[in-house]
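Asks: Read top to bottom, the protein sequences are chains A and B.
Take the position in the first sequence, starting the count at 1, then add 62; the result is the number in this note's numbering.
Take the position in the second sequence, starting the count at 1, then add 67; the result is the number in this note's numbering.
Take these hints with a grain of salt, some might be off.
[As the list claims (entries may be wrong)] Covered, in the sense of this in silico footprint (three residues per stretch, anywhere, with C-beta under 8 angstroms from a C-beta of chain A), are these stretches of chain B: (1) 73-79; (2) 85-91; (3) 105-119; (4) 125-134.
[What the hints assert, rightly or not] Straight-line Cα separation of at most 25 angstroms, SDA-like style, residue types lysine to any residue; simulated pairs: (5) B:132 <-> A:136; (6) A:112 <-> B:152; (7) B:116 <-> A:110; (8) B:132 <-> A:118; (9) A:112 <-> B:112; (10) B:116 <-> A:116; (11) A:140 <-> B:144; (12) B:106 <-> A:92; (13) B:132 <-> B:144; (14) A:97 <-> B:115; (15) A:141 <-> B:148; (16) B:106 <-> A:140; (17) B:116 <-> A:118; (18) B:106 <-> A:141; (19) A:170 <-> B:105; (20) A:112 <-> B:115; (21) B:106 <-> A:170; (22) B:106 <-> A:99; (23) B:106 <-> A:91; (24) A:112 <-> B:144; (25) B:132 <-> A:164; (26) A:97 <-> B:106; (27) A:112 <-> B:148; (28) A:112 <-> B:128; (29) A:112 <-> B:127; (30) A:97 <-> A:86.
I should point out that these hints are in silico values taken from the structure, not numbers from a laboratory.
Yeah, the Cβ is synthetic: ideal placement off N, Cα and C, and Gly gets one too.
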Amino acid sequence: MPAAGVVMIIAVLLIVLAVVYYLVSTIVALQRITKNLDDAITGVVGIIEKSAPVDDVVTSINTNLDAGVSLLEGLLVKKAGMEDAVGLVDGLYPGAAGDGFRDFPESKETKAPRISEVYTKGTLTLARLGREAPIAAASPNGPALRNPTYGSLAARGLYPEVRQTRPEAMPRSPVIGTDSPVQYEPSESPGVRKRMPVAAGVAGPPEPEATEGGVVKSGLAFLRRLKNDDR
Amino acid sequence: MTLEWIGDAVLLLVILPVVVYLLRGVLNAANSIVPSAQKIAMAATAGSKDLDATALLLTTQDQVKTTIEVAADYGGSLDVILDDA
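Produce the entire structure from the sequences given, and follow the hints as far as they go.
Replies: Written out as structure tokens, the structure is:
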């Protein structure tokens with residue numbers, strides 16, 4: 063056999079060996095890829111199966127929540143009026159008035175009164191519970207409880223009648239001056255009174271008890287009785 | 068005879084390197100896909116586990132429905148009790 067033929071056979075053999083080596087390595091890599099893709103497909107199928115009912119469920123939840131929002135918005139606007147309702151929402155969630163109510167497009171143009179700057183949230187809550195609420199018992203059929211112009215005076219109308227008219231039974235602030243009903247004697251030293259003041263027209267202080275040897279008589283009588291009991 | 072030697076030279080110096088180069092490229096490409104496929108499989112498995120909680124949406128659905136029904140009942144009562152603005 064000529065040498066050239068031998069070299070050719072060796073060359074072809076080397077080529078075949080290289081092809082076999084690389085193709086086998088490629089096959090192994092592709093098998094690993096196939097296995098991983100099978101795992102991925104299993105996971106994706108699980109995702110598809112588990113997320114299949116999500117659309118219907120979330121749609122149902124949103125529908126119910128939409129109904130709830132419509133209910134609460136409608137009730138709030140009906141009972142409080144558009145302006146106060148917007149002000150109440152803006153007081154609880156500052157800036158929310160700009161978004162307005164979903165079912166009331168005109169609420170976006172309503173200027174929110176500054177309710178939260180006049181009343182606290184608790185007062186508002188009680189007031190909005192209705193005019194039957196104790197804090198609003200003063201004006202069961204009166205006007206709206208919020209007065210943005212005279213807020214501090216209007217707040218007084220929220221409380222029961224007894225605190226508004228200030229009846230005579232309530233203790234009043236002390237009156238000072240020469241014609242005041244309670245007179246105080248000048249004290250020789252600051253902070254020390256000669257005697258407790260009494261109101262005008264009231265009987266004077268009780269007379270001091272008689273003493274015997276510097277001891278009050280009634281006290282001596284008590285000691286004598288006690289001494290006789292010991293005997 | 069000379070042509071045979073030329074053929075051998077071409078086979079050893081041209082054909083064999085080209086075949087090795089091409090097959091090595093294919094092998095490298097296949098090997099580079101393996102980690103990506105592994106990451107995809109892990110992500111899909113993790114995503115599937117994360118969706119295990121979707122069954123709780125059914126409970127949420129029932130609770131939302133019940134809550135809205137209760138709120139509607141309260142709203143109806145308040146509508147009767149309270150004066151309109």
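Asks: Next step is simple, just say for each hint if it's right about the structure.
Replies: Hints versus structure:
no.	hint	result
1	73-79	holds (count 4)
2	85-91	holds (count 4)
3	105-119	holds (count 11)
4	125-134	holds (count 6)
5	B:132 <-> A:136	19 angstroms, holds
6	A:112 <-> B:152	49 angstroms, violated
7	B:116 <-> A:110	12 angstroms, holds
8	B:132 <-> A:118	14 angstroms, holds
9	A:112 <-> B:112	12 angstroms, holds
10	B:116 <-> A:116	15 angstroms, holds
11	A:140 <-> B:144	14 angstroms, holds
12	B:106 <-> A:92	15 angstroms, holds
13	B:132 <-> B:144	18 angstroms, holds
14	A:97 <-> B:115	18 angstroms, holds
15	A:141 <-> B:148	10 angstroms, holds
16	B:106 <-> A:140	57 angstroms, violated
17	B:116 <-> A:118	21 angstroms, holds
18	B:106 <-> A:141	58 angstroms, violated
19	A:170 <-> B:105	53 angstroms, violated
20	A:112 <-> B:115	8 angstroms, holds
21	B:106 <-> A:170	50 angstroms, violated
22	B:106 <-> A:99	10 angstroms, holds
23	B:106 <-> A:91	15 angstroms, holds
24	A:112 <-> B:144	40 angstroms, violated
25	B:132 <-> A:164	20 angstroms, holds
26	A:97 <-> B:106	12 angstroms, holds
27	A:112 <-> B:148	46 angstroms, violated
28	A:112 <-> B:128	16 angstroms, holds
29	A:112 <-> B:127	16 angstroms, holds
30	A:97 <-> A:86	17 angstroms, holds
Hint check: violations occur at hints 6, 16, 18, 19, 21, 24, 27; the rest are consistent with the structure.
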